[in-house]
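Chain by chain, the residues run as shown.
There are 4 protein chains.
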Amino acid sequence: MEQRVRVLIDCEDAKGLVYKISKIFYERDLNIDSNREFVDKEQHKFFMRTVVSGQLDVSELENALREIAPENARLKVIVPQRKKIVILATKESHALGDILIRHEAGELNASIEAVIANHDTLKPLVRRFDIPFFHVPTEGLSREEHEENVAKLIDKNQFDYIVLAKYMRILTSSFVSRYPQQIINIHHSFLPAFIGANPYKQAFERGVKIIGATAHFVTDDLDEGPIIAQDVIPVNHRLEWRDMQKAGRDVEKIVLSRALNFVLHDRVFVHGNKTIVF
Amino acid sequence: MEQRVRVLIDCEDAKGLVYKISKIFYERDLNIDSNREFVDKEQHKFFMRTVVSGQLDVSELENALREIAPENARLKVIVPQRKKIVILATKESHALGDILIRHEAGELNASIEAVIANHDTLKPLVRRFDIPFFHVPTEGLSREEHEENVAKLIDKNQFDYIVLAKYMRILTSSFVSRYPQQIINIHHSFLPAFIGANPYKQAFERGVKIIGATAHFVTDDLDEGPIIAQDVIPVNHRLEWRDMQKAGRDVEKIVLSRALNFVLHDRVFVHGNKTIVF
Amino acid sequence: MEQRVRVLIDCEDAKGLVYKISKIFYERDLNIDSNREFVDKEQHKFFMRTVVSGQLDVSELENALREIAPENARLKVIVPQRKKIVILATKESHALGDILIRHEAGELNASIEAVIANHDTLKPLVRRFDIPFFHVPTEGLSREEHEENVAKLIDKNQFDYIVLAKYMRILTSSFVSRYPQQIINIHHSFLPAFIGANPYKQAFERGVKIIGATAHFVTDDLDEGPIIAQDVIPVNHRLEWRDMQKAGRDVEKIVLSRALNFVLHDRVFVHGNKTIVF
Amino acid sequence: MEQRVRVLIDCEDAKGLVYKISKIFYERDLNIDSNREFVDKEQHKFFMRTVVSGQLDVSELENALREIAPENARLKVIVPQRKKIVILATKESHALGDILIRHEAGELNASIEAVIANHDTLKPLVRRFDIPFFHVPTEGLSREEHEENVAKLIDKNQFDYIVLAKYMRILTSSFVSRYPQQIINIHHSFLPAFIGANPYKQAFERGVKIIGATAHFVTDDLDEGPIIAQDVIPVNHRLEWRDMQKAGRDVEKIVLSRALNFVLHDRVFVHGNKTIVF
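Residue numbers (our numbering), protein chains in the order written: chain W, 1 to 278; chain B, 1001 to 1278; chain Y, 2001 to 2278; chain D, 3001 to 3278.
It cannot be assumed that every hint is accurate.
Claimed, not checked - With a straight-line Cα cutoff of 16 angstroms, these simulated EDC-like cross-link-like pairs (lysine to aspartate or glutamate) come out: (1) Y:K2201 with D:D3033; (2) B:K1084 with B:E1107; (3) D:K3274 with Y:E2240; (4) W:K274 with B:E1240; (5) D:K3015 with W:D29; (6) B:K1023 with Y:E2027; (7) Y:K2041 with D:E3205; (8) D:K3091 with B:D1120; (9) B:K1091 with D:E3107; (10) W:K15 with D:D3033; (11) Y:K2274 with Y:E2027; (12) D:K3274 with Y:E2205; (13) D:K3123 with B:E1104; (14) W:K274 with B:E1205; (15) D:K3041 with Y:D2243; (16) Y:K2020 with B:D1029.
Simulated from the structure, these hints should not be mistaken for lab results.
Using the sequences provided together with the hints, build the complete structure.
Below is the structure:
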C-alpha cells in the first residue's frame, strides 16, 4: 500500500547501522522524506527517526528492520495518525485553553478524550468545547483513593498520553508507574531551579532576572523526569511574585504545546533521564 | 560649578519623598536628565536614581537631601568618573579577554588596576595589554594563606570593585566580608540551577534544553549573592558537556560585561539578597 | 473619595515638571503607588505615568494638574476599569482564541463587545463563548462598501480599541482615520522586515534564521504604525514557509496579547511613529 | 591511515543516496561519528555532512563517492585542519577583538594571517597580538584603486576566508566576484530590516523593540547574501540610537563568531541565497 510511515530505532550503537537500515529502505524502493540520527558516544546508543514513503507493508518493514537491528533494539514503524490524550487540570485555564483552541482549529494533531480536574472551576470552559469534563473531588479522600478515582476515569478512555495542564497535585509513584513515559507535565519554573511548591515565589525571593517553564515526562522523582522543552522570559525587580506568575503563564502554555507537538509527532526519544528531540 | 551628578537614594518609603527630593532639585534650578524610582511595597523601601545637571555644589546638595531624607537613608551624590577594578582570574581567557578589549577601546568605563590569578596561564594575554599581572600560586598554602596573599595584592591598589572573571576558587567568609558588595562574580549556570562545581556537567546530566550564566555580588553564601544579570542560550541533545561549556562561554562573558556596565554606572541597588537595576 | 487613579502626562519638557506634579500629589496627601517618567531629549518631550491613591476627586485633580502643565499638554486622570474592545478577524483562530481564553478567565482586563469577520470560519468558535459574532462578507462589494459595513457594526458598540486579530485585509486611509490610535494590529513578521503580503514566504525565501511578530497601532501607512511589542523565535533550513507560518503563530498571539495588556493598562504613549511603553 | 574526515555532499536528490553513501563507509569499515542530512524538497536538492573515522585514503574515498554521486554533485572529503583567514576592519574593535581573544586562546580553529584596515585606529590592538596589520588608506583613491590595493595584500596570503569584522565600506562586484563564497560579513541589523547605512539610526527612528545582527556571505547584492547566523536583543524607548549601537555590539561580535565557527568547521552549505547549517 502506498503510504508514509515513521521509523523509530533506538539501540546499542554498532558499525553499519545506517547502511543496513537504508539498504532495507532502498531494496523496497522507498523514499526517505526526512532522516535524523544521533549517537550518544558516551553511552554507545544509536537513535534514528526516518520518515519513508512508498509501497510498503508495515509489518513486513518492521520485521525486516528487526532482523538487522541489534538485540534489545526498540523499534517502531508508525503510521501517522491523530493520537488520543486525556488532560488533567486544576483551576488555571491558560495551558488547558491553549490546547483547546489548537484542538478546535485542528492543529493539535490529537483528540482530547476527556478533561479530569480536582476542582470544577474549568468545567464551563471545557463544556464550551463539547469535551467531556470530569470533576474528581479530593475531599475526604486519601491521596491514593483520589488517584484511584482519577485512574479509573482515565482508563475508561483509549489514550496515548496523559497531559498535566497545570495539575497542581503531586502524583504517587504507584500512579506514575501505571503510565510509564505517558505522562507529560508542565512545571512552572526553569528546572532544575525552583523544584517543588510555588516556584514563582521562590524565584521572586531569589531575585532572578529570568523565569521559565519546563515540559517533562513524569517519573517517580518529583520534577526530575526527562525534559522535553524549556523556555524563559526576562523579568525585573518591578515584578512581584504574582506578576511573575502572570507573566510566566505565557511561557508555560507555549512550552507545553511545543512539547506536545514533539511528542505527538513521535519526535521524542527517552534515554535515561534525558530526551533526544528530533 | 556646572556639572552632572548621579543622586542615589535608598530608604524607608514615606509619603512625599518624590516631592521633597524634586523640590530640592527645583530650588537649585537643576535639570533632571533621567529619573528612575521603585518602591518595594512589601518591604516599604524606596529606591531612586536621578541624574541632575546644572550649577551645583556636591556637598551642599547632599546635605540638603540628607535633611529631608528619612533616618538611615543611604544617600549618595556621585560625580561620574571612571571607576577602578581589580580582576581575579584562573585559566580561562574569554571573560577576562572581553573586559580587556572593552578596556582597550575605552568602553569599559573603568580602569583595570591589576589582574591577579592563581595560575600563570593568562600572563601573556594580560601583558599584551600592559596591565599588571600577578601570579599568586596556591601550592603549599592553606586557603587562608593564599587568600591573604591575594588580599595583600588587592589592597595595594585603589579600587572600587573586584571582578571574578572565572576565578575558579571558592572564597572564604573572611575574604568576602573584607570587601562587602564589592566583589562581582560570573557563575557559569542559570542560578539557582546547578549551584556548585562543574555546572555544565550537571546541566548535561540533567538533560536541560537551555543553559545560562549569572553575574552576582559575592556574599558569604556560595552562589547565593544578589543577582545582577542573567542570560541563557538554547542547547540540545547533540551537545556533550564540553560543548555546553564552550557554548556557555559567550553567555558568561556577555552577562559579566553587562553586569559590570550596570555597576560601573551606579545603576545597581542591593536590597537584601536582591538587586534593583535601573 | 478613596480611590486609585492613573495620571498620564505627555507634554513639552520643562524644568520643574516632576516637582510641580509631585507637589500636587503631596498637597492632597496622595500615595504614589508607582511612577515612571521619560524625557525624549531630542524632541524635548516629557512623558509620565503615575498611579496615585488616596482621598481624591478626579476632576479636581485633573484641573490642578492642568494648571501647572505646559500648554498643549495631553493629560489624563484615569479611573481603572475594564475597557471595551471590538475584534476583527478573518479565518485563523490562534490570536483570537488566545484573547477569548484570557477573556473567559477574567485576565484580559477588557470585555469583548463583538467579533467581526470577513469570513464565517470563526463563528462556531466565537459562539462557544457567547460573544456576538458578525460575518461581513466582501463578495460583490468594493473595499469602501465593505469597510462601511464593518464600521457601522463597530459603531453600534461602545469600545475603546479595535483589535485586528489576524484580520487579513488592508484598511483604507478613510477607515483608519476614523479610529485614530484605536486600532491595534498584529503583523506576522519582525517589522520592518517583510512588509506586505505573506511575510513567512518572504522570510523563507530570504533564508532568515529568526522570524517574529509585531503588534502596532494602525496608521495610514501600511505596516508603518507605532510599534508596541515585538518578539522572535529561531528557525532553520528545515522549516518550509508553512512550517514557519505555523511556528510563527505562537509568537503572534503572545505578542498581540502582550501589546493589548500594555494598552489596556494605559501604559502606552504614542509619540510620532513610536511608542513609550511604561 | 587511521584518520577522521568530513564528507560533504551537495547534489540533486535521488533515491538511495543515503544507502549508496553509507555502503561506501560500511565497505571500508569506517565509523560514522556524526551524520546530518537535509533534502530541500522544493528544489530537489540533497545535502549531507558526515564525519567518518577509520583506516582510510582520502582520494580513494572521494573517488568511490564520486562514482555513486549524481552528476554535478559537489563533493568534498576534508581532513580537518585549522583554516586561514584574513580580516578586514575599519575602526571598531569589538568584533575584531572577540576574534583576537579566541585566536589567542586557541579556540578560533583558524589562524589569522593578516588584518587589513582602511584606518590605522586598530593598529595598536592588532600589534599587541603580534599579528600583521596593514593600513590601506583611501585618500585620493577611487573605490576600485583602493580595493585593488586591498586585494593585492589579501592575495599575498594563503587564506580560506576573508572576514569583514565591521569593515564599513561597500565592496564592488568586481572585488566580491574575486572571492566567491569566501567573504563573511557581519551586518549590524536583523536583515532584511534596515539594509544600508546606519541601521541603528534607522531602527531608532522606526521605534523597534528589538535590534539584531546578521552574519552572511557577501555577494554582489549589498546585504542580500546567504545568511549564516542571526541574533537579537530587546531594546526600548530609553535607548537613543547611539545606545542601540553600543548594545548591538555584543550581538554583532557573538553572531560573527558563531558564524565563523560554523564555517570553519565546514558546517555550512550555500544553496542559492540561503544556507544549510548543520
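Q | Hint numbers not upheld by this structure, sorted from lowest to highest | A | 1, 8 and 11
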